[in-house]
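Fit chain B to the known structure of chain A by using the hints.
These are the residues of each chain, in order.
Protein chains: 2
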Amino acid sequence: MELLKVDSLDEAKLKLYNEYIASGKGLEIEEKHVLDALDYILAEKIVSSVAVPEFDRSVVDGYAVIASDTQGANDSIPTFLKVVGESKMGEVCGIELKSGECVYVPTGSMIPKNSNACVMVEHTESITDDKVAIYEAVADGKSVVKKGDDIKEGSEIFTEGRKLSAADVGFLSSIGIYKVKVYKKWSITIISTGDELVDEKSEYKFGKIRDINTNLLSALSIKYGFKIINKYLVKDNADILEKTLQESMSNSDVVVISGGSSKGKKDASSLVIDKVTSSGVLTHGIAVKPGKPTITGYDKNTNTVVVGLPGHPVASAVLFKLIVCGLYDMITNSQNRDLVCEGIMSENMPASPGRMTFQLVKIDKDFNVTPIFGRSGLIRTLSEADGYIILETDQEGIRKGDKIKVYYL
Amino acid sequence: MELLKVDSLDEAKLKLYNEYIASGKGLEIEEKHVLDALDYILAEKIVSSVAVPEFDRSVVDGYAVIASDTQGANDSIPTFLKVVGESKMGEVCGIELKSGECVYVPTGSMIPKNSNACVMVEHTESITDDKVAIYEAVADGKSVVKKGDDIKEGSEIFTEGRKLSAADVGFLSSIGIYKVKVYKKWSITIISTGDELVDEKSEYKFGKIRDINTNLLSALSIKYGFKIINKYLVKDNADILEKTLQESMSNSDVVVISGGSSKGKKDASSLVIDKVTSSGVLTHGIAVKPGKPTITGYDKNTNTVVVGLPGHPVASAVLFKLIVCGLYDMITNSQNRDLVCEGIMSENMPASPGRMTFQLVKIDKDFNVTPIFGRSGLIRTLSEADGYIILETDQEGIRKGDKIKVYYL
Chain A
46 MELLKVDSLD
56 EAKLKLYNEY
66 IASGKGLEIE
76 EKHVLDALDY
86 ILAEKIVSSV
96 AVPEFDRSVV
106 DGYAVIASDT
116 QGANDSIPTF
126 LKVVGESKMG
136 EVCGIELKSG
146 ECVYVPTGSM
156 IPKNSNACVM
166 VEHTESITDD
176 KVAIYEAVAD
186 GKSVVKKGDD
196 IKEGSEIFTE
206 GRKLSAADVG
216 FLSSIGIYKV
226 KVYKKWSITI
236 ISTGDELVDE
246 KSEYKFGKIR
256 DINTNLLSAL
266 SIKYGFKIIN
276 KYLVKDNADI
286 LEKTLQESMS
296 NSDVVVISGG
306 SSKGKKDASS
316 LVIDKVTSSG
326 VLTHGIAVKP
336 GKPTITGYDK
346 NTNTVVVGLP
356 GHPVASAVLF
366 KLIVCGLYDM
376 ITNSQNRDLV
386 CEGIMSENMP
396 ASPGRMTFQL
406 VKIDKDFNVT
416 PIFGRSGLIR
426 TLSEADGYII
436 LETDQEGIRK
446 GDKIKVYYL
Chain B
46 MELLKVDSLD
56 EAKLKLYNEY
66 IASGKGLEIE
76 EKHVLDALDY
86 ILAEKIVSSV
96 AVPEFDRSVV
106 DGYAVIASDT
116 QGANDSIPTF
126 LKVVGESKMG
136 EVCGIELKSG
146 ECVYVPTGSM
156 IPKNSNACVM
166 VEHTESITDD
176 KVAIYEAVAD
186 GKSVVKKGDD
196 IKEGSEIFTE
206 GRKLSAADVG
216 FLSSIGIYKV
226 KVYKKWSITI
236 ISTGDELVDE
246 KSEYKFGKIR
256 DINTNLLSAL
266 SIKYGFKIIN
276 KYLVKDNADI
286 LEKTLQESMS
296 NSDVVVISGG
306 SSKGKKDASS
316 LVIDKVTSSG
326 VLTHGIAVKP
336 GKPTITGYDK
346 NTNTVVVGLP
356 GHPVASAVLF
366 KLIVCGLYDM
376 ITNSQNRDLV
386 CEGIMSENMP
396 ASPGRMTFQL
406 VKIDKDFNVT
416 PIFGRSGLIR
426 TLSEADGYII
436 LETDQEGIRK
446 GDKIKVYYL
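The listed protein sequences correspond, in order, to chains A and B. For the first sequence, the numbering used here assigns the number 46 to the initial residue and increments by one for each residue that follows. For the second sequence, the numbering used here assigns the number 46 to the initial residue and increments by one for each residue that follows.
Note that these hints are calculated values from the structure, not bench results. Note that the structure is a prediction, hence the values are computed from the model and not measured. Please note that a few of the clues may not be correct.
Chain copies aren't distinguished; within one or between two, either way the pair holds.
Straight line, CA to CA, 30 Å or less: simulated BS3-like cross-link-like pairs of lysine-lysine [stated by the list, open to error]:
hint, residue 1, residue 2
1, 280, 133
2, 407, 191
3, 250, 192
4, 192, 311
5, 158, 133
6, 366, 410
7, 50, 288
8, 450, 311
9, 226, 366
10, 253, 133
11, 280, 187
Extracted from the complex, chain A is given alone in its bound form:
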């Protein structure tokens, strides 16, 4: 059995990235409505052409005043001001305030010229139609939001690579931006290989194994916004695999082959990827655990990323995230926020020398972190896990009681 000459995770990603960049094709950019762009990566920086707010406005229901007019007013000795009008929501307030005057302002309305503070209606009393008692002394700027307080005109709101959240969609709407340029999400085909596999379309016979990876990788693709073009379940047969891969490369940005990624006699993935892609196999073997037998390739003719993943479900899920999603993030310069927490290891755990270890864990409410070991890395462990920890290549292990960062799944 030939041993794999492994790359580090970063080396493997960089080789694939460099081929992608060298092809000169780049990721397609599309313009989308902000609501349709939710969870997409911005392909442009966003600059606000407007100030927010666009005018000085009241943050209370009450009276816009000249602050100095209220000096000395208190609960027992009010100041009396003349009401010279009302500012209307959504309308320009044309009034120019003089000393001794005030204007009724609902929350959010424009304050009149010369006014610099507002008094809440709770601290006032209407005496006559045009006279109000003010029971509070307010300072300059009180209960007023100034023009541009939130966003200055011409200021940068988001950089390229921002992944748009629901709040971002609201933020963009507040400055009148309803369409944005985003990177197109990849289209993907998933090929699962194995004579022993059956899926929902085939009849189960004793001795067979139900295919997990097609649905698992499809679900991960959907979560990442990728569009699934096709799903295939094929036998361990190099000719069929080659034909399926060829066809898939013509209509997908990414083709993932699950299973057959080692160097055993029935493992056809690396031979087929080497034969079919213009660059040949770039990496066969990545220094990670689980997931060492992983293959990458790139085809310049069809501009397709090809990844051979281990059949082991946990390894295939981890490597899909690291290589496929990781490459997409690299290309889009995506600034995804990792959802992480810090916990305390509840037991010792050795690392794998020379390999980056991704260990599934559970986290309890007190942030105690417990590794979940499955005898053969069965899918159940992935389903039960809250997240994973990373032990670096040069790390010997981690001790009970040590602090450790947990990445949510």
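Only chain B this time, still in chain A's reference frame:
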């Protein structure tokens, strides 16, 4: 100005929940393919009708043996065994092993009867076609996964209320379950009110304010899987609001009215909700900050949940999550895992007496937690925040250096 008689968050949710339950309608349940059920809430418990694995299988490429036959074997002194056949992937292995015999087994294949351990091919040497040297002594069970090791036949996999993750979809596939019963996601209509508001369809004029909440609440709805039926921007006019609400109740499970939820003279929401829903206003005012002026109602005739949210974008987003998403979780008995981390407060922060405070925060890589204050709770703060902290009703505040739980947005 009439003051609001507030409910606690739990009281408000419970009142609404009780009306919902009393209506007897319940949430619709639908059967979906597991891939389409991603992020849905299970409406049934899942029991496995099969064991996983369904037979004892090898976890290595190598030879299935009777463990005791290998006793004493080591690197320098091998044991020789007779190769009596090969187990094929996906096929029943019909061989019954006798002492002194072994069978070639690829990873995942069925081991022969009477064998109880496997030796990795790396620790063997093929001597002739039917003779192999074994260089390792293995114990009973070595490199074998026993039938049912992962899942016992008849065991419960998921309880009702489980939110299906990508890993769960893989897990279900492993036991041959491709369709599941899930709770239907709500359909929702969003009505934003305010004379001052303009949206992308209307022309912006100086003095107007660009509507944020329709898109913000739409984006939050999409993230939660709700289906948006309609979006309206209406003037501060009780008649128009009433007509729009009536119409929306006929085709949506939830109607959200943003803005006009206080008790000011132009605040029509509570009057209209009281008039139009069968139960009248259930709650007007919730003891939370931000978001106090929130209204709930339920209409038994159309089975519609009606919620009046504050116009303030941050408050409207927070209350949407707490009330609308919170009620859905309550009805579906959803066991969502909160994505949380524990951090250290970087400054003192007072609570609001008698109100549950939801404070937006940033978290740095060392888990220092800093509150983000916006002068009027502007949308920018929500977009910049990593998460929020909760200060309970009876809590006086939190001190710099205290540990605090942060909920990711």
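Comparing the hints with the structure gives:
1. 280 to 133: between (72 Å within a copy, 13 Å between copies)
2. 407 to 191: So residue 407 and residue 191 pass the 30 Å test across copies only (24 Å; inside, 48 Å).
3. 250 to 192: Answer is between; shortest inter-copy Cα gap is 16 Å, intra-copy 72 Å.
4. 192 to 311: between (69 Å within a copy, 25 Å between copies)
5. 158 to 133: within (14 Å within a copy, 87 Å between copies)
6. 366 to 410: Answer is both: 26 Å inside a copy and 22 Å across each meet the 30 Å cutoff.
7. 50 to 288: within (27 Å within a copy, 70 Å between copies)
8. 450 to 311: neither (39 Å within a copy, 51 Å between copies)
9. 226 to 366: both (24 Å within a copy, 28 Å between copies)
10. 253 to 133: between (73 Å within a copy, 10 Å between copies)
11. 280 to 187: Answer is between: at 29 Å across copies they meet the 30 Å cutoff, but 74 Å inside does not.
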